[in-house]
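A.B. asks: Order-wise, the sequence lines are chains W and U. The first sequence begins at 1 in our numbering and counts up by one. The second sequence begins at 1 in our numbering and counts up by one.
Just so you know, the hints here were simulated from the structure itself, not pulled from any lab data. C-beta: ideal position from N, C-alpha, C; glycine also. Just to be clear, a hint being listed does not mean it is correct.
[To be verified] One-sided and incomplete, this derived list gives chain U residues near chain W with beta-carbon spacing under 10 Å:
| # | residue |
| --- | --- |
| 1 | 129 |
| 2 | 166 |
| 3 | 266 |
[What the hints assert, rightly or not] In silico lysine-lysine, DSS-like type, Cα no more than 30 Å apart, as pairs:
| # | chain 1 | residue 1 | chain 2 | residue 2 |
| --- | --- | --- | --- | --- |
| 4 | W | 466 | W | 345 |
| 5 | W | 21 | U | 274 |
| 6 | U | 316 | W | 24 |
| 7 | W | 43 | U | 278 |
| 8 | U | 33 | U | 295 |
| 9 | W | 43 | U | 285 |
| 10 | W | 367 | W | 186 |
| 11 | W | 21 | U | 285 |
| 12 | U | 34 | U | 313 |
| 13 | U | 316 | U | 33 |
| 14 | U | 132 | U | 83 |
| 15 | W | 24 | U | 274 |
| 16 | U | 313 | W | 24 |
| 17 | U | 285 | U | 313 |
| 18 | U | 33 | U | 313 |
| 19 | U | 295 | U | 313 |
| 20 | U | 295 | W | 24 |
| 21 | U | 316 | U | 285 |
| 22 | U | 316 | U | 132 |
| 23 | U | 316 | W | 21 |
| 24 | U | 130 | W | 197 |
| 25 | W | 58 | U | 285 |
| 26 | W | 21 | U | 278 |
| 27 | W | 197 | W | 186 |
| 28 | W | 401 | W | 469 |
| 29 | U | 159 | U | 83 |
| 30 | U | 208 | W | 43 |
| 31 | W | 197 | U | 83 |
| 32 | U | 278 | W | 58 |
| 33 | W | 43 | W | 21 |
| 34 | U | 285 | U | 309 |
| 35 | U | 278 | W | 24 |
| 36 | U | 309 | W | 24 |
| 37 | W | 58 | U | 309 |
| 38 | U | 313 | W | 58 |
| 39 | U | 285 | W | 24 |
| 40 | U | 159 | W | 197 |
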Amino acid sequence: MPTNILMPALSPTMTEGNLAKWLKTEGDTVEAGDVIAEIETDKATMEVEAVDEGILGKILISEGTQNVAVNTPIAVLLGDGESANDIGEAPEAAPTAAAAEVSEESAPVAQADAEQPSGAVVENRDILYHQGIIVEPPPFDEASFTDVYTATVREALRDAMSEEMRNDETVYLMGEEVAEYQGAYKCSQGMLDEFGKDRVIDTPITEHGFAGIAVGSAMNGLKPIVEFMTWNFGMQAIDHIINSAAKTLYMAGGQLGCPIVFRGPNGAASRVAAQHSQCYASWYAHVPGLKVVAPWSAADAKGLMKAAIRDPNPVVFLENEILYGEKYDNVPSSDDFVIPLGRAKIERSGADVTIVAFSIMVGKALKAAEELAEQGIDAEVINLRTIRPLDRHTILESVKKTNRIVVAEEGWPFAGIGAEIAALIGEHAFDYMDAPLARVTGADVPMPYAANLEALALPQAEHIVKAAKKVCYQD
Amino acid sequence: MAAAKKKDSAKASNKTAPKDGAGRNAPSVDVLKKYYRDMLLIRRFEEKAGQLYGMGLIGGFCHLYIGQEAVVTGISAAQDNDKDTVVTSYRDHAHMLACDMDPKGIMAELTGREGGYSRGKGGSMHMFSKEKRFFGGHGIVGAGTAIGAGLGFAHKYTKDGGVAVAYMGDGASNQGQVAECYNMAALWDLPILFVIENNQYGMGTSVKRSSAGTLYRRGEGYGIPGEQVDGMDVFAVEAAASQALEYIRSGNGPYILEVMTYRYRGHSMSDPAKYRTKEEVASFKEERDPITSVKDMLQTQGVDEAELKEIDKEIKAIVNEAATFAQESPEPHVDELWTDILVEESA
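So here's chain U without its partners, still in its complex pose (with noise of 0.2 Å):
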């Protein structure tokens, strides 16, 4: 079990880490601008999708993943993308993204248009992809991970070498059907990596106030090794990642990555977040960006600033494409109101 090792060292504080990680190889300038490229297009979508609602053009609830980008991108990285399966909260524009969805596809689902993965009929918070492996999208907090722990199961059950990955909010591993999932995952050795994105509050709760004990030991009462990860640091994210889908994938059964992170919005868009300070909100921010961590490095192996600026204008140019397409596909046709109840074989 070289990946059981249980380390509470991670915490994503304040404080700055070490550019690559402890004791590891300076990372590629491909893969660094890869990085850069993934967790900046997440960042410039989420940004646009808050200006849309902030039009208008969005409704209902939106949450933004802007301050995580490293979660997703560092795990995504790690996963073998033509076999495993991802299902997440309802949290999931970057999981979309990182799961290669067309930003287009995802953000006129935002603004409720028939190009929209889902038609128009599913929002912000449920969307899927069959084709991309992408089971959602869940606005029930606890549910994608027990739809992530049947994914899991499914793939044992056809041995087709997928693993799930189920990610689920601090606020989640609360749930009792998360302790639930722990126990069969475990009990059955199902291929599953369940990822806690703690970003430290459950909506305005913070994780003091709602969480007795370390979300990712919650695991060893099931056998279930665990650890927890500095989710600022897209480098350790993936380090983790590989090592847990390694284990996982040679049948050991499911495994548990608390990832320390932080949201800079609130929860959603309406949210003030009030429950924190200005100056933690800042720290982060400021000294511990997961993208202004990953441009530095990139200028410390000397990439120049017109090449950055380069790569800043071809995501934005994504974004600005998704967001035309967003707002000139139409609304879906009215008979979408009363299609895809039943799977119709006859009338």
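Chain W extracted, bound-state conformation (with noise of 0.2 Å):
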């Protein structure tokens, strides 16, 4: 049967173009590759190359013809044996004719070829939140680990890398100055003793390149831990964390994904300025495929590295400088202390006002509390501990009950963790506020390097104080 040449689409946004020049005439032999017209789109004129053999039989939109659609039969070849007699017998026009074009040589194949399933069961909490749906996630018994040793954040970070990689020989640790050095805050202090060179992996200066690299592995069967030294620098790598380890998953299918953990200090330090301080939590909480997490206590630290290793997503996980030299005599020793990601902590429990914050916060938001206790005010203080996949359940559950909401974050006010909670309670507790939410953030300017500019820009417990004292209509 004759084959119909159509007008081919040559763009990604292209609906019609110009038949500008036929360079083969009727009773020409093609061949597969010849080029046998040009066509002019609104970009470029490009050539038309034949992917059949034949003979051109009749040409059916001639030369100079204006806006051609997309798909209309531009000319007839004819096969072996075939005669232009045989043209009325050409399929008709697209889109009909398109599939007929391509199948009239080949059976048809069965569907069971395609043995990838569909429709999946839908367990993503931010996806089923968007659906309406808000999930409780599962529960931790956190009191029932009692045999504690005390240590700094520092320290339980250790423990919880050393514990994984013994329990699993694919973890491994890679970064700048993570063997030798032992770690630039010390935070993989022993590590290289115990587990050699092979394991524990000091990287050039090339953050990029090294992220890069630990993607690659972790598709390839291992389970990098990847130190940035400050997540300032981990910005070179944000392409990387994004295009490769967070979105593959999605992109294969679900056949492959990349377990592995981006890790370093986050947020200002002291004294710093601009490019050494920056909360990159509503960065990372952007992007789905990521889960982001931010340990406050010692406990959190190790709980949470622990579970972060464990995981078989990309995770980014937001340490802090400051508190890596905080003790806490309340770090479980158990193997089994893995706090499940996506569920927050309810640090003090409270009746008159819900104090939401994060990593360094916590504890300006604890402060706060005692404070606001001497006022007279019971303020609950939840700790996110993870940003993404968000604890909406229970920050949901405790303004029910407080009915006042302030959301505490070092980092920059303008699409940050504090407006996607607003979000939420504008989307779901909007009936049980007595105030508008309030959020205290970082002053919305670079970090200033100052002493005196520095403290201004940063958020303390007493911005906290002041904010809970406003929504509940006392200041």
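Take each chain as given, in its own frame, and dock them per the hints.
C.D. replies: This is how it looks when you write it as structure tokens:
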């Protein structure tokens, strides 16, 4: 049967074009790959190549014709033993012609060849939320871990990484100064000695490159922990974190994931100014395919790090330099102390106002709560622990009780975590609220160096106290 | 360092190269037939993809490999396909075919259907097969090179004997992360073959206008040996790749092959390729075509036209079957929008 040659689409947006010129005439023999015509699109003149061999039996659209719609038959190609008399049998215009043209020579293929499942059960809490469902994260019985020891946050991180490396040979640590220097902030003290240089790996100063290498190794069966000396430097690697790590599972239809932890100190340290003081919580929490974790205490650091390493997904783990040296006497020693990602912790129970915080702001929120208590306001403090997936359930249950909320974060206000929680409250707790939500954030400026200006740029306990009193109408 | 030779002589010029490569034994008919078949499959597949694109069945960007077939065919023939891993950039259909991925699954991904390798969620530039050790399919220029170094890192870490083969274009070789990965690959002796497919144009910018020096020689500062190979000659590519892979597999660390090739089509479907002359394109198509030269060799060795036609027919059937499947496979179930974002253990 003769084959229709159709007006091709030559760009993602083309719907019609001009048939500028025929380079073959009726009766010419055409080989696959021969240029047969020139077509003008809105952007350029393009050559059209034949896909099949045959004889150009009839030209249906003459050269110089303007505005020919994509998929219009422009000529008829004759196969072996066919003549112009057969042309009437050529299939009619697209889209039916399109399918017929291709299928004429081959037997239909059974659908069973596509052995890919579809319509899987959606468990992703962020997606369910946008479908109107709020899921309570699995509960975590923290009180049952009674065997505890004293450790700083940096020791707790080291202990978590070491325990997981003992459990799983595919886990390794990579980053600048992690091995011989024992960590720029000493978070990997002693690990080189215990695990050797094949598993605790010093890199050159080359974040983009080593983040990509770690991602590739994760795709090929390993479970890397990548330390960025600070998250500010991790920005060099943001393409691999988002484009390579976060999106691969989706782009691969679920067959290839990327179990990896990116970790390091986040946010402001002290007097290190604009390029070294920035909170990335909102940046990474924006991205589907990433989990984002921000511990506060040493127990948080240990239990969340163990969970992050065991998680089959890419996890962005935001530590805080100022907290590294904080010592806590309640760090569970059990190897099973793994805090589920996506579950917040109520650090202080209260009835009058909810304060939501993460990382260093949890300590400031607890301090604020004490001051508020002295002034007769009973604050509930929620330590988010995980930014994404956000524990919306715990936040909502709290505000349904307190009817007031303050969100405290060190990052900038615009599109910050506080803004996301404000949306949550607006969408799901509007009728429970006795006052508008209040945000306590870093000042909307690059971090200044001068001591007095830096102090003004960072949110403090007193700002939380003020905001809490405001939402309680006690200011 | 037997393979550490450096020669500039293999430029893909428009002069006819010796059919069996310098000093090599004439290949057997079986080998010739395999190469002919492998390269023809790529070409016919790509032509069909171009046709389906023209019919509006494939959307977005679609980068065809026509003209470059000898590169991936030659290198794949030199690999240990039970161990080695492969990663490339966005001009990736041929690499998947060379990894023995199913043409039906590839074409159905191009049409965005359920039967595609990524169930329609990846498209032309983002396809993977863990089973066939093909790790993408990456749309960000240069990213695949770092991921390739990571594949190599895992081979070394697990001591599984595999080598990572990381393809990049001449354009990607100017990315900073490529230099970063040369450094780390050399520093850590990673088992990785960096393949620069130099088709002479990064989109519309010629290598001359974008790249200082000679691309494979950029490894020298890191102590990575490399060489230029005629990428229009599948035997030259296979020979160089075999030597390079042996060097790498012996624990010597990375190697760079700069394969001089040419794409006949534009950068993507919507590129009219006005930055090069018709004569330049024609000289490669008519005088240097990798498939025609193997076909000529087969005929010289007494394989008759009928037998070649039989192979052509066989390839055409595979490609048509893929195209039919790609059109008949349904669009992904709407629930697919929401799945595969995270590996879920429990809600």
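A.B. asks: Against the 30 Å threshold, does the CA-CA distance of residue 316/U and residue 33/U hold or violate the hint?
C.D. replies: Satisfied, since the Cα-Cα distance of roughly 16 Å is no more than 30 Å.
A.B. asks: Between residue 316/U and residue 132/U, does the CA-CA distance stay at or below 30 Å?
C.D. replies: holds (23 Å)
A.B. asks: Verify the proposed pairing of residue 295/U with residue 24/W, using a straight-line Cα cut of 30 Å.
C.D. replies: Since the Cα atoms of residue 295/U and residue 24/W sit roughly 26 Å apart, the hinted pair holds (cutoff 30 Å).
A.B. asks: Has the given pair, residue 21/W with residue 285/U, been kept, meaning a C-alpha gap of at most 30 Å?
C.D. replies: Given that 30 Å is the threshold and the Cα spacing comes to 22 Å, the pair holds.
A.B. asks: What's the verdict on residue 58/W and residue 285/U, does the C-alpha distance respect the 30 Å limit or exceed it?
C.D. replies: holds (27 Å)
A.B. asks: Keeping to a limit of 30 Å between CA atoms, is the pair of residue 197/W and residue 83/U held or broken?
C.D. replies: Holds, because 25 Å separates the two Cα atoms, which is no more than 30 Å.
A.B. asks: With a cut-off of 30 Å on the C-alpha distance, tell me whether residue 130/U and residue 197/W pass.
C.D. replies: It holds: about 29 Å lies between the C-alpha atoms, which stays within 30 Å.
A.B. asks: For the pair supplied as a hint, residue 295/U and residue 313/U, confirm whether the alpha-carbon distance does not exceed 30 Å.
C.D. replies: Distance ~15 Å between residue 295/U and residue 313/U Cα, so the pair holds.
A.B. asks: Please verify whether residue 316/U and residue 285/U have alpha carbons no more than 30 Å apart.
C.D. replies: Holds, because 21 Å separates the two Cα atoms, which is no more than 30 Å.
A.B. asks: Given the proposed pairing of residue 33/U with residue 295/U, does the C-alpha separation stay at or below 30 Å?
C.D. replies: holds (8 Å)
A.B. asks: With the threshold set at 30 Å, check whether the alpha-carbon distance from residue 21/W to residue 278/U stays at or below it.
C.D. replies: Holds, because 16 Å separates the two Cα atoms, which is no more than 30 Å.
A.B. asks: Holds or violated: are the alpha carbons of residue 278/U and residue 24/W at most 30 Å from each other?
C.D. replies: holds (17 Å)
Against the hints set out earlier in the document, no violation occurs for any number.
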